[in-house]
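All chains should be built: construct the whole structure from the sequences, respecting the hints.
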Amino acid sequence: MKFKTFLGLPLVYCLVFGGFSYAADNSLSVEVEIPRMNVAEYHKPYVAVWLEDSNRKATQVALWYDLDMKDNEGKKWLKDIRQWWRRVGRKSEQPFDGLTSATKGPGKHTLSIDLDAKHLASIPSGDYQLRIEASREVGGKEVINIPFSWPPKASDYPISAKGSSELGRVSIQLN
Amino acid sequence: MKISRPFKVLISMGMLVGLSFNASAHRAWIVPSSTNLSGDAPWVTFDAAVSNSLFVPEHVPLRVKGLMVKDPNGNLVDVENAHTGKYRTTFDLNLVTEGTYKIGYASGGLRASWKDKEGNRKRWPGRGQTANDADFATAVPKNADELQVSQSYRTLETFVTAGEPSNKVFKPTNSGLELVPVTHPNDLFVGETAKFQFLFQGKPAVGVKLAFVKGNTRYRNEQNQIDLVTDKKGYVNVTWPEAGMYLLEAEFEDDLAQAPATKRTASYGATFSVLPE
Chain A
1 MKFKTFLGLP
11 LVYCLVFGGF
21 SYAADNSLSV
31 EVEIPRMNVA
41 EYHKPYVAVW
51 LEDSNRKATQ
61 VALWYDLDMK
71 DNEGKKWLKD
81 IRQWWRRVGR
91 KSEQPFDGLT
101 SATKGPGKHT
111 LSIDLDAKHL
121 ASIPSGDYQL
131 RIEASREVGG
141 KEVINIPFSW
151 PPKASDYPIS
161 AKGSSELGRV
171 SIQLN
Chain B
1001 MKISRPFKVL
1011 ISMGMLVGLS
1021 FNASAHRAWI
1031 VPSSTNLSGD
1041 APWVTFDAAV
1051 SNSLFVPEHV
1061 PLRVKGLMVK
1071 DPNGNLVDVE
1081 NAHTGKYRTT
1091 FDLNLVTEGT
1101 YKIGYASGGL
1111 RASWKDKEGN
1121 RKRWPGRGQT
1131 ANDADFATAV
1141 PKNADELQVS
1151 QSYRTLETFV
1161 TAGEPSNKVF
1171 KPTNSGLELV
1181 PVTHPNDLFV
1191 GETAKFQFLF
1201 QGKPAVGVKL
1211 AFVKGNTRYR
1221 NEQNQIDLVT
1231 DKKGYVNVTW
1241 PEAGMYLLEA
1251 EFEDDLAQAP
1261 ATKRTASYGA
1271 TFSVLPE
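Line order of the protein sequences matches chains A and B. With our numbering applied, the first sequence has no gaps in its numbers, which climb one by one up to 175 at the end. With our numbering applied, the second sequence has no gaps in its numbers, which climb one by one up to 1277 at the end.
The set of hints was computed from the structure by calculation and includes no laboratory data. Take these hints with a grain of salt, some might be off.
What the hints assert, rightly or not - Straight-line alpha carbon distances no greater than 27 Å define the calculated DSSO-like cross-link-like pairs of lysine-lysine that follow:
| no. | chain 1 | residue 1 | chain 2 | residue 2 |
| --- | --- | --- | --- | --- |
| 1 | A | LYS91 | B | LYS1171 |
| 2 | A | LYS91 | B | LYS1070 |
| 3 | B | LYS1070 | A | LYS75 |
| 4 | A | LYS91 | B | LYS1195 |
| 5 | B | LYS1168 | A | LYS57 |
| 6 | B | LYS1102 | A | LYS75 |
| 7 | A | LYS76 | B | LYS1070 |
| 8 | A | LYS76 | B | LYS1102 |
| 9 | B | LYS1195 | A | LYS57 |
| 10 | B | LYS1168 | A | LYS75 |
| 11 | A | LYS91 | B | LYS1168 |
| 12 | A | LYS76 | B | LYS1168 |
| 13 | B | LYS1102 | A | LYS91 |
As structure tokens, this is what we get:
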């Protein structure tokens, strides 16, 4: 068996303390639940996911928005993902290109954070938050903040949190 | 001193409005429909009026004349669809350039008050009137009782940003009372402390009296005015107690005026959108 290092942790450590069978993937999977709303007019929410350090410096993870509208009309509402817009979205360089997808309806959706990705590999170690923000047209807004340390420690996982209105359960696995 | 025509209109508006920290005073304001925008070349619509209640147009409109818009590169650009109604002026602005726009009025001129022989209070320019500094000598009796002459400056503005906030529009013109951001006025959030510097004629303005009042005064009994004063370098910190649209009214005066004026007076008004967390 080949020992692969995993963010400085031997694989065995991960297996013992994390109990994952897919350690070699070296990724975090984040399952985000979009709750079903009993409302007359429902639009799928805009959702942004990012990592943030204690100085508000952000690293983009994912953005779900209405990217199919003509003339980029869907971008008009990106500012309503307010915290994300302030930290990531409004920057003139668009770090969320390539990390975007269409909006998603009620249910559980999983996104994968590749820990070997170049833009993540350079993040300094420390205390971070994984922030998930949802903003729904003719609806509410909600942000879930999940504190965690970087690089991810196997013993911390799985992590879960729960929204109260626009977001349901969020659970994070280290693979 | 020569004053351009659009400025004269504002001077008259200044006379009409006056500027006071009395809670019941008329207040001039320009309120944008949004202050932070995303997407390609977004539009913003504005209301501009003078009223008691914030931000309810119920007194007189501000005029379109003299309105100036600076784009993020510092160039003057035009508004569209301007309309002046009974109580407010409305206009639209297309944010074709990314960054921060400044929208507002800046004016200045001599003004005087005195008592005539019958003991009646006189003003020049008269209420609602425009005037030219060149007419001062003929319009104002030099030896009148209680004659007070001031060199006045008036600024009223607001800010909107497409994409990332930028700072070029805040480059001081060194005329009147001006705000120089430490905290960008389109990056304000409840619970946070914003820091601004004030300049008068390009120099730090010490002891500027500032009053912040949040909108929707109609729906509460107290004004909840926040009173502050700039420090010895012209700086002020304000911590936003609630999210909402705030009006700032600031006043400054000194006695370093040139004759025939005996004092310099300056006012500055601006609207600030404070977003919820």
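Please write out, lowest number first, the hints stated earlier that are contradicted by the structure.
Violated hints: none at all, because every hint is consistent with the structure.
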